[in-house]
Amino acid sequence: MGTTSRLSFVLRSGRRRPGVSFSRAVAWSALVAFAAAGLGAGCGRTETWDDPSPPGVEPAACGDGVCDGSEDCARCAADCGPCPRCGDGACNGGETCGSCAADCGPCPSCGDGACAAGETCESCAADCGPCPSCGDGACNGGETCATCPRDCGPCASCGDGRCNGGETCATCPRDCGPCDSCGDGRCNGGETCATCPRDCGPCDSCGDGRCNGGETCATCPRDCGPCASCGDGACNGGETCTTCPRDCGVCASCGDGRCVAPEDCSSCAPDCGVCAACGDGRCTPGSESCFSCPADCGVCARCGDGLCSGTETCASCQDDCGVCSVCSNGVCEPFETCAACPADCGPCQPTSCVEVITCAFACVDTEKTPPDIGIACLSGCMAQGCANAQFFAERVMSCALAALPRCNGDMECVQNRCAAQIASCFGATC
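Using numbering that gives the first Met the number 0, you'd call the opening residue of the sequence shown number 0 and step up by one each time.
A hint or two may mislead.
Ranges of calculated distance between the beta carbons of each label pair, as one might list FRET restraints [as the list claims (entries may be wrong)]:
| id | residue 1 | residue 2 | range |
| --- | --- | --- | --- |
| 1 | Pro284 | Cys385 | 51 to 61 Å |
| 2 | Asp71 | Ala251 | 35 to 45 Å |
| 3 | Glu332 | Ala419 | 51 to 61 Å |
| 4 | Arg161 | Asp371 | 55 to 65 Å |
| 5 | Gly408 | Gly272 | 34 to 44 Å |
| 6 | Ala155 | Gly93 | 15 to 25 Å |
In short, the hints are calculated from the structure, not lab data. Using N, Cα and C, we set each Cβ at its ideal position, and we do this for glycine too.
When you get a sec, could you build the whole thing from the sequences and use the hints?
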């Protein structure tokens, strides 16, 4: 409704403003009507002030499929399309590598390790590091998948095997590979738990059983499973010893007997042990393999050739690599004894000959034919005795082992055949 139209409506309705006489209202109305006519003529308008269209043209209607009149992307996206925005995949509307790396790609200098003039946490996280709010769990402010994959998740193209668009080693290590500094043991530059778990450790949510937030197969294989290429025998793409030890081998620190971040059950079973689900009898696709869980998935093809080679470990191939026992890591592991590793198992307490042979006989499984004898177990029992105890215990065991086949595994028969040696053992003093 135009200005003169609205005044006419008020006059016709008989409404009066409080404290204004009728004669003054008429005079005021006439003045406004005159001003409206004059201004309308001066601006080339003959009708109302509200209509921006030229004479004879209907006002633009949002939704008619035509972007005209006063319509634009802000007022009528239905006709004019959405306004350009950072992160829509198109470098337009004044966007540049400095203002929108997500669409226009990083500037040429981005990635040289120096946060130079023109670079910011928003345009070059690889050099300047993530913005302060990145990592708070909310994708807000100026954050995008390109500047803060930890909060916003990886960009849609991340994971297609090509390092393109706005992808960098800082935003998509899965396609672009880890940044050069990743793996130097220091969490610095633009590194975060999302882009370099090898230096910065896994993100707090990694290991909760859900592949969410900014987690990917490259940053948290424990929740998301290994990347599709992991297991093809080639350490390539964004694979590292942290994300795909099956192809790349375990990291240098793995095998020292200490489970220290970023190590976990998926990247370093020799130190951290196998993951909780391993051993349930089901080889879960995506999360378990012959490398990570031979108990459920069976051993890998080369395991059993007598050589601990390639990517084999004590956890993936015990037949070739032996047991995962490291002396002086504070844990008395299988096959460690007080004699072989007092640092972990404590000093040996000299025991009598009777205690030694009691321990030793427990190492013989007489239920099997021929009896199964644990040599390492016997050795550990013998090492605990004092000099006399070891001497007489060895005589008893030598007699017993010789008698076992003749006695058909009958321990009472063994005791009778070795009665003299057993008596000497009882009388031995330390």
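Taking the hints in turn, this is what the structure says about them:
no.	hint	result
1	Pro284 to Cys385: 51 to 61 Å	56 Å, holds
2	Asp71 to Ala251: 35 to 45 Å	59 Å, violated
3	Glu332 to Ala419: 51 to 61 Å	39 Å, violated
4	Arg161 to Asp371: 55 to 65 Å	56 Å, holds
5	Gly408 to Gly272: 34 to 44 Å	36 Å, holds
6	Ala155 to Gly93: 15 to 25 Å	23 Å, holds
Hints 2, 3, counting from the list given before, are not met by this structure.
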